[in-house]
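**Q** From just these sequences and the hints, can you work out the full model?
These protein sequence lines map, in sequence, to chains X and L.
Be aware that the first sequence starts at 1, since it is given in our numbering, and climbs by one per residue.
Be aware that the second sequence starts at 260, since it is given in our numbering, and climbs by one per residue.
Among these hints, one or two may not hold up.
[Unchecked claim] Calculated pairs, DSS-like style, for lysine-lysine (alpha carbon to alpha carbon, straight line, at most 27 Å):
| no. | chain 1 | residue 1 | chain 2 | residue 2 |
| --- | --- | --- | --- | --- |
| 1 | L | K494 | L | K571 |
| 2 | L | K440 | L | K563 |
| 3 | L | K494 | X | K168 |
| 4 | X | K253 | L | K494 |
| 5 | L | K334 | X | K20 |
| 6 | X | K20 | L | K374 |
| 7 | L | K480 | X | K253 |
| 8 | L | K440 | X | K253 |
| 9 | L | K276 | X | K253 |
| 10 | L | K278 | X | K168 |
| 11 | L | K494 | L | K563 |
| 12 | X | K253 | L | K563 |
| 13 | L | K276 | X | K168 |
It is worth saying that the hints were derived from the structure and are not from the lab.
None of the values given here were measured: they were computed from a predicted structure.
Each chain, letter by letter, is given below.
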Amino acid sequence: MQRQLIAFQAVLFRNVIELKRYAFNTISMLVSLYVMFMILFFGLQRLGGAALAAGDTLEGLLVGYLLWTMAIMAYSELSWDLNAQAQVGTLEQLYISPIGFGRLNAYSLLCNLVLQFGYAAIILAVLMVSTGKYLHVDLVSIVPLFIVTLMSAYGVGFAVGGLALIYKRIQAFFSIFQFVFLAFLTLPWAQFPWARFLPLSMGNALLREVMIHGRRIWELDPTHLMVLVGTGVFYLALGIMAFAWSERIARDKGLLGHY
Amino acid sequence: MLEVSHLSKVFVSGKNKVKAVDDVSFVVNRGEIVGLLGPNGAGKTTTIKSVLGITRPSAGSIKVGGFDPFAEPSKALSLVAAVLEGSRNIYWRMTTWENIVFFAGIHGVSHKIEKNYFDHLIETFKLVDKRSTEVRQLSQGMKQKVAICCALVKKTPLVFLDEPTVGLDIETSYELRGILKELAATEARTMVVSSHDMAVIQDICQRVIIMSGGRVIADDKIDDLLAVFRSRNYKIAIGKVLDNDVVEHLRKRFNDVEVQLRERKTNITINLPSAGDLYALMDFLREHNIDLETINQQDPDLEKAFVALVRKERERCNGNS
Chain X
1 MQRQLIAFQA
11 VLFRNVIELK
21 RYAFNTISML
31 VSLYVMFMIL
41 FFGLQRLGGA
51 ALAAGDTLEG
61 LLVGYLLWTM
71 AIMAYSELSW
81 DLNAQAQVGT
91 LEQLYISPIG
101 FGRLNAYSLL
111 CNLVLQFGYA
121 AIILAVLMVS
131 TGKYLHVDLV
141 SIVPLFIVTL
151 MSAYGVGFAV
161 GGLALIYKRI
171 QAFFSIFQFV
181 FLAFLTLPWA
191 QFPWARFLPL
201 SMGNALLREV
211 MIHGRRIWEL
221 DPTHLMVLVG
231 TGVFYLALGI
241 MAFAWSERIA
251 RDKGLLGHY
Chain L
260 MLEVSHLSKV
270 FVSGKNKVKA
280 VDDVSFVVNR
290 GEIVGLLGPN
300 GAGKTTTIKS
310 VLGITRPSAG
320 SIKVGGFDPF
330 AEPSKALSLV
340 AAVLEGSRNI
350 YWRMTTWENI
360 VFFAGIHGVS
370 HKIEKNYFDH
380 LIETFKLVDK
390 RSTEVRQLSQ
400 GMKQKVAICC
410 ALVKKTPLVF
420 LDEPTVGLDI
430 ETSYELRGIL
440 KELAATEART
450 MVVSSHDMAV
460 IQDICQRVII
470 MSGGRVIADD
480 KIDDLLAVFR
490 SRNYKIAIGK
500 VLDNDVVEHL
510 RKRFNDVEVQ
520 LRERKTNITI
530 NLPSAGDLYA
540 LMDFLREHNI
550 DLETINQQDP
560 DLEKAFVALV
570 RKERERCNGN
580 S
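**A** In structure tokens, the structure reads:
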């Protein structure tokens, strides 16, 4: 147990240092996310006409954008990080830790999840002030919803990270998922009823209920909550299984760490 | 400490199969410093990565301190540390101290408890001034030292050093060898050092395992291995340029002869497997009225032993195929 705690502290220590050393990168990421949203917001306001400006669609856009941002951060955390570690040559060192690569990865994700909430809070606050669209920020309701929703993004991250172990240079493939996530968030349930079982989709709907209409988590439809938890667990488990499968292939082919 | 038994690894890519490691067996006892030598593609790195659980073997068994690195990875890996790609194994945007703290930490070793030992290593590796410097700002030699430090701070009884001196200038390589020898003597750790640099192996290790074509072709104490090659090679200097006919005769009479014709002299390097061959050489020189200037028994070195063994193994393999 003490060894686990020391390892967790070490991972936290590294992640905080990297955050400090790459501060410019973090700031520019936040600025680009802000600028991108503002372009989207004013573009839609102008082009979308009265239907967009009058209803709750712009607030919906805000919720969706926030979730999309966090999903990309969660997903890229795993896939990009694995790729980067393989490139710089530190991946093998993580694999020969007696703590286990899986645990070290989990510790790193946990640390970064906290950071992500920090980033999301900054982005949300700035966007609300800039757009004049204020959302309900009920932490008791939105934090668990975000965590469960992001589980499916982590699942995708694990699966793609696994592919990165085998195929190495798949950065272009990584980028595609930004748009795939966008599709998950925007597919209308009325036309595509199965879309609610896709990653992020149910979470997006429930977060809208909470953040736009001010409902509390216990006031949400229990069936919807069950679908949310079910899809989150399903995609995470699927991603972890895909990662384990890729890892096995990488070990068999001697690809761990090779770049 | 380490037991590798009938280890084989076949890499399969489509229809191609490459046997990287072929029925390799060896034992490394506690406190030994063993060199792992071999030409490119000999299977050294695959063997090391199999021991570390990074590459899954096709057959055979591995025990690190009695634990299988695939069945009981946590127990096996808690006994082992490794530098696999030298300076590429550390974070370049972190400082020396930060790297040390991180890599010790993910091994469950606390920098708060082991601070004195960490400081001792930093001092031994002459990194005191570079403690707070980001690794990317260090020279190649310094980076290599940091990488080795990061492996040693884990305080494991078994350490693998894969090419610890690769890319270093002679002075730094020599310095690093000195440090490793000192640490090996004072800390009584088991070390497996893989290197292309024979001087490093000869300098640091007591025993050497030579691999070629995925197989172990020699496993002996360095002194014993060198003794096999001792008293066989001679360097002869002759104060005149030998005729081509004489050189031809010499080459026909003795198997392993190298002749260098200089402006006013001839240098001969000759392998004489038995004492009788030496007498035969003397007779040959007398018959051709050749006066010796000097004759020296060549000091055996690991490089020559290595080249001879690898060549012999290749000839054996070619003969079989």
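**Q** Indicate, hint by hint, whether the structure satisfies it.
**A** Hint by hint, here is what the structure shows:
1. K494/L / K571/L: Answer holds: K494/L to K571/L is near 22 Å, not above 27 Å.
2. K440/L / K563/L: holds (23 Å)
3. K494/L / K168/X: Distance of about 53 Å is beyond 27 Å: violated.
4. K253/X / K494/L: violated (48 Å)
5. K334/L / K20/X: Not satisfied, since the Cα-Cα distance of roughly 34 Å exceeds 27 Å.
6. K20/X / K374/L: holds (24 Å)
7. K480/L / K253/X: violated (33 Å)
8. K440/L / K253/X: violated (35 Å)
9. K276/L / K253/X: Holds, because 11 Å separates the two Cα atoms, which is no more than 27 Å.
10. K278/L / K168/X: Since the Cα atoms of K278/L and K168/X sit roughly 23 Å apart, the hinted pair holds (cutoff 27 Å).
11. K494/L / K563/L: holds (14 Å)
12. K253/X / K563/L: Given pair K253/X, K563/L is violated - Cα atoms ~34 Å apart, limit 27 Å.
13. K276/L / K168/X: Roughly 21 Å separates the two Cα atoms, so the pair holds.
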